[in-house]
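**Q** Take a look at the letters that make up each chain.
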Amino acid sequence: MARLSFAEALVEGMRHELRTDERVFLMGQDIGKMGGVMGGSRGLIEEFGPRRIRETPISESAMVGAAIGSAMVGKRPIVEISFGEFLPTCMSQIVLQAANLHYMTAGAIDVSIVVRTRIGDGPYRGHPQCYESWFAHVPGLKVVMPSTPTDARNLMIAAIRDPNPVIFFEHMWLYHGVREEVDNSPTAASLGKAAIRRVGRHVTVVATGWMVHKALEAAETLAVEGIDVEVVDLVSLAPLDIDTIASSVRRTSRIVVAHEAWKVGGIGAEITAAITEACFFDLEAPPVRVGAPHHPLPMAKPLRDAFVPDVNDLLRAIRQAMAT
Amino acid sequence: MSRPNGPGTGEGADLDPSVRIGLLKAMMLSRTLERACCELNPRWFPAEGEEGVIAGAFFGLRDDDTMAPHYRGPFLAYAIRGADLSRLVGQALGKANGYARGRALGFTGPAAMGIVPWVAGDLGTTIGVATGCALGFSYEGSDRVTVCSFGDGTTNRGDFHEALNLASVWKLPIVYVCQHNQYSISLHASEVLPIEQISIRASGYGMPGLTVDGNDVFAVHSAVRDAVARARNGDGPTLIEARSYRLGGHWASDPGGYRLPEVQDAWRDKDPIPRAVSELVTTGDLTQHDVDSMWDEVRQAVDAAVTVAKACPDARVEDIGANEVFADVSEGMSALRGERSEPWRA
Chain A
1 MARLSFAEAL
11 VEGMRHELRT
21 DERVFLMGQD
31 IGKMGGVMGG
41 SRGLIEEFGP
51 RRIRETPISE
61 SAMVGAAIGS
71 AMVGKRPIVE
81 ISFGEFLPTC
91 MSQIVLQAAN
101 LHYMTAGAID
111 VSIVVRTRIG
121 DGPYRGHPQC
131 YESWFAHVPG
141 LKVVMPSTPT
151 DARNLMIAAI
161 RDPNPVIFFE
171 HMWLYHGVRE
181 EVDNSPTAAS
191 LGKAAIRRVG
201 RHVTVVATGW
211 MVHKALEAAE
221 TLAVEGIDVE
231 VVDLVSLAPL
241 DIDTIASSVR
251 RTSRIVVAHE
261 AWKVGGIGAE
271 ITAAITEACF
281 FDLEAPPVRV
291 GAPHHPLPMA
301 KPLRDAFVPD
311 VNDLLRAIRQ
321 AMAT
Chain B
1 MSRPNGPGTG
11 EGADLDPSVR
21 IGLLKAMMLS
31 RTLERACCEL
41 NPRWFPAEGE
51 EGVIAGAFFG
61 LRDDDTMAPH
71 YRGPFLAYAI
81 RGADLSRLVG
91 QALGKANGYA
101 RGRALGFTGP
111 AAMGIVPWVA
121 GDLGTTIGVA
131 TGCALGFSYE
141 GSDRVTVCSF
151 GDGTTNRGDF
161 HEALNLASVW
171 KLPIVYVCQH
181 NQYSISLHAS
191 EVLPIEQISI
201 RASGYGMPGL
211 TVDGNDVFAV
221 HSAVRDAVAR
231 ARNGDGPTLI
241 EARSYRLGGH
251 WASDPGGYRL
261 PEVQDAWRDK
271 DPIPRAVSEL
281 VTTGDLTQHD
291 VDSMWDEVRQ
301 AVDAAVTVAK
311 ACPDARVEDI
321 GANEVFADVS
331 EGMSALRGER
341 SEPWRA
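Taken in order, these protein sequences are the chains called A and B.
The first sequence begins at 1 in my numbering and counts up by one.
The second sequence begins at 1 in my numbering and counts up by one.
This is chain B alone, in the form it adopts within the complex:
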């Protein structure tokens, strides 16, 4: 399983071994679950290679914090908050058991999970909404925080810039994580970004900005952890650029003829999962046998979820909910509470 990689950055060396192992297992789950969705739905969005950013950003938050995951690889956040994996797979397939009951492409769950869902195909508006969650926390004087991820391409949307400015002016408790995979569908970042490092955009908004190796999950998590602590302490937002690479296509069946195979191969050698395995085995925190057992456990969980989801009927037309466009005025408001139901154990 493990392959030799470049040396670790050394960042995150202070992380507790249980956290480091949890991060590895979170990456394994993200890899296996998202890959299963891609195999079943050719229009699902492969997150392969970017798990270091995804796990590093959303692992270890408090139960009452809010997460706003990017559309590429969103399900780990839901799993962390106790989502039923078979309902997540069902959601990606438009099955009746999906949390959105066939209404949304795929990224939603019960309000209690405290996750900003993905209900439209545009990019950038979730950054504004996530910033609003942080505004709500600031307004109520709590120390809850929001972590929001988005792609490198999305940092060219006006919504990114407006939200960062607003969050900084109001010192909102939010951490912005750019899941930099170098591609806006077929366009390489160098074609659409006039700067090498997105993190320098933070300086225009008077907030700290830092660039980390997105394929080093420990480095990502260490940076996010520090930024979360800063936000919780009332010191305002941070922009973290986590540089990675999209190993798959934009969607699962994207032939991707716009990329050089040798570049892809080079990035496959920097895969964040074997890299973390190598570090943990080297430090003696895990044996190869432990690693194999972790893979087995994750694969069994995902296989079981896929079996359940595939057996489920498609979303039913009678559940279309034409009369469920509006919330009932007579009922109380349902709001994101950020409580776990039955958490996925890392």
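Extracted from the complex, chain A is given alone in its bound form:
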């Protein structure tokens, strides 16, 4: 056991696999002497050297392509895309190659790669785009967004070991903002499972990343008012663990879905649609979605604070769900 920040836990997950599997290596920008953006790879270059911690040119498409090709010949690469804002520059490799190869070759080829990236409204006032739902839309990709240091470590290990392409989203507010005791036993979590973070009777709140923590905060506020909130951490956007969400909704009969990404076309839209299909007659109120408004993220702090969904948006949404 060690008390780790989210960022330290991510590094621990990679370190564990780098130590135990020679096929694993990491490539990205500023992951060496600088220790990775926001310390996301701190300490790895010292232990594993430049052959396995590979600094790359600013060529995201080539980086992901190179990861796919090296996976094809038996390696298990991790690619670090510094910020989620850069994902569109390697979209064709992720969507056309990585996602398709296993199916299109009738199972002849596996693409065991991890593409890790930072999302959310970070400390830089830049690079915050939350494009995760794009990847959940594409068959053949696994999409993960942990919200705790324990999950950060264990899901990183599971993602590296998975024989499929995994897109791993790391929320920047979590990096140094949460810290907990993390078991360093080698057991890896399995991908594709949601986690119930708080048991409640009246309403199910499904949230991703940093919004999980906002949902837990809202739940404590509402407990005083006698509203008992169940908080489900989605963890995996693809595959989507609708079973866990549906069984929660069947107990609470109300659902609120919250993410920082745009509400339009976000993963919340898929969840509410799937839950409406699966649990229509269990619902006592229409589903409520919390997400960013449909305009680009502005830069100045007051504008930004108005844009990013916060605990007040959650309180409003949960009360709306409870009002019916």
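Source of the hints: derived by calculation from the structure; they are not laboratory data.
Small disclaimer: the values here were computed from a predicted structure and weren't measured.
A portion of the hints provided could be inaccurate.
Label pairs and their calculated CB-CB ranges [unchecked claim]:
#: 1; chain 1: A; residue 1: LYS193; chain 2: B; residue 2: LYS310; range: 47 to 57 Å
#: 2; chain 1: B; residue 1: LYS310; chain 2: A; residue 2: VAL264; range: 34 to 44 Å
#: 3; chain 1: A; residue 1: GLY49; chain 2: B; residue 2: GLY206; range: 42 to 52 Å
#: 4; chain 1: B; residue 1: ASN233; chain 2: A; residue 2: VAL264; range: 46 to 56 Å
#: 5; chain 1: B; residue 1: LYS310; chain 2: A; residue 2: ALA278; range: 28 to 38 Å
#: 6; chain 1: B; residue 1: SER186; chain 2: A; residue 2: PRO296; range: 30 to 40 Å
#: 7; chain 1: A; residue 1: ALA223; chain 2: B; residue 2: ASN323; range: 36 to 46 Å
Built from N, CA and C at the ideal position, the CB exists for glycine as well.
Take the given structure of chain A and dock chain B to it, following the hints.
**A** Just chain B now, with coordinates in the frame of chain A:
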């Protein structure tokens, strides 16, 4: 069969006669197999005229090397690695016997063949993937190499430039072969390339770049062989521009009204196959009778494959594999190994 052509370039004159004959036979197989696919599937991509580049690039590699063929004329690489010709034809027709079981347009095979497949319709991403195979070889400290081909049009994609830069920075064991057929569908290279020779792009990435006559299979192979040796020796990548001409349409039924017939006729006179025949007959390595026998053998093999493929049922809807999108976590990883099963004998 043979027609007089221009003089050979003299490059590749040091190639062993068995290699020269093998290259000719590889071109014959590529011509016959791809033409059969075009006759059966009007949307197949004719490679006629470009066989000098295709055979020159992929002939004679080591069994554990990786090949990443361009979408135009990919099947020779698979045949070299022991693919069943009837399954290749079946693949081009969407038959149940195709290696992709009706899922991909056509360029895939068992992992053991060590070939980067073609699973999407875009251009350029296979260059990045092929570069990754070379990264894997470099990472493991082996002397395996990758040969990757692509069209002249593809060298305008950002993926081409990113991959060449990365390969050069890391000195990866890869040979990039531009199968220059002068056309991006209907656009002539002069309309979309501001330079005469694509090989000069190599200088921007600090790697050797050379231009060879793509219709001289011996010249192409000689250049690729030297670049492969260089890559195997740890000296990094090379860009080879092999200049040829697409005698057919973009797809088999493309009426191609955008080209001048007299230019096409002029290029037909430079057909790489009769040109190689002429050289080999002149040197006494083959008689015309030998050449005729080689054609007969190739045609019989392709005819038999076509007969089998045509008799096969179409890909079955029940094999759609909706639950085969992901590799099973509990199973081991399947990776390109680059081993021949039963090689096509050149």
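**Q** Each hint: holds or not?
**A** Against the structure, the hints come out as follows:
1. LYS193(A) <-> LYS310(B): 47 to 57 Å: The hinted range 47 to 57 Å holds for LYS193(A) and LYS310(B), with Cβ atoms some 48 Å apart.
2. LYS310(B) <-> VAL264(A): 34 to 44 Å: At roughly 50 Å between Cβ atoms, VAL264(A) and LYS310(B) fall outside 34 to 44 Å, so the hint is violated.
3. GLY49(A) <-> GLY206(B): 42 to 52 Å: 24 Å, violated
4. ASN233(B) <-> VAL264(A): 46 to 56 Å: 55 Å, holds
5. LYS310(B) <-> ALA278(A): 28 to 38 Å: With a Cβ separation near 46 Å, LYS310(B) and ALA278(A) fall outside 28 to 38 Å, so the hint is violated.
6. SER186(B) <-> PRO296(A): 30 to 40 Å: Hint holds: Cβ distance 38 Å, inside 30 to 40 Å.
7. ALA223(A) <-> ASN323(B): 36 to 46 Å: 42 Å, holds
Hint compliance for this structure: hints 2, 3, 5 are broken, all remaining hints hold.
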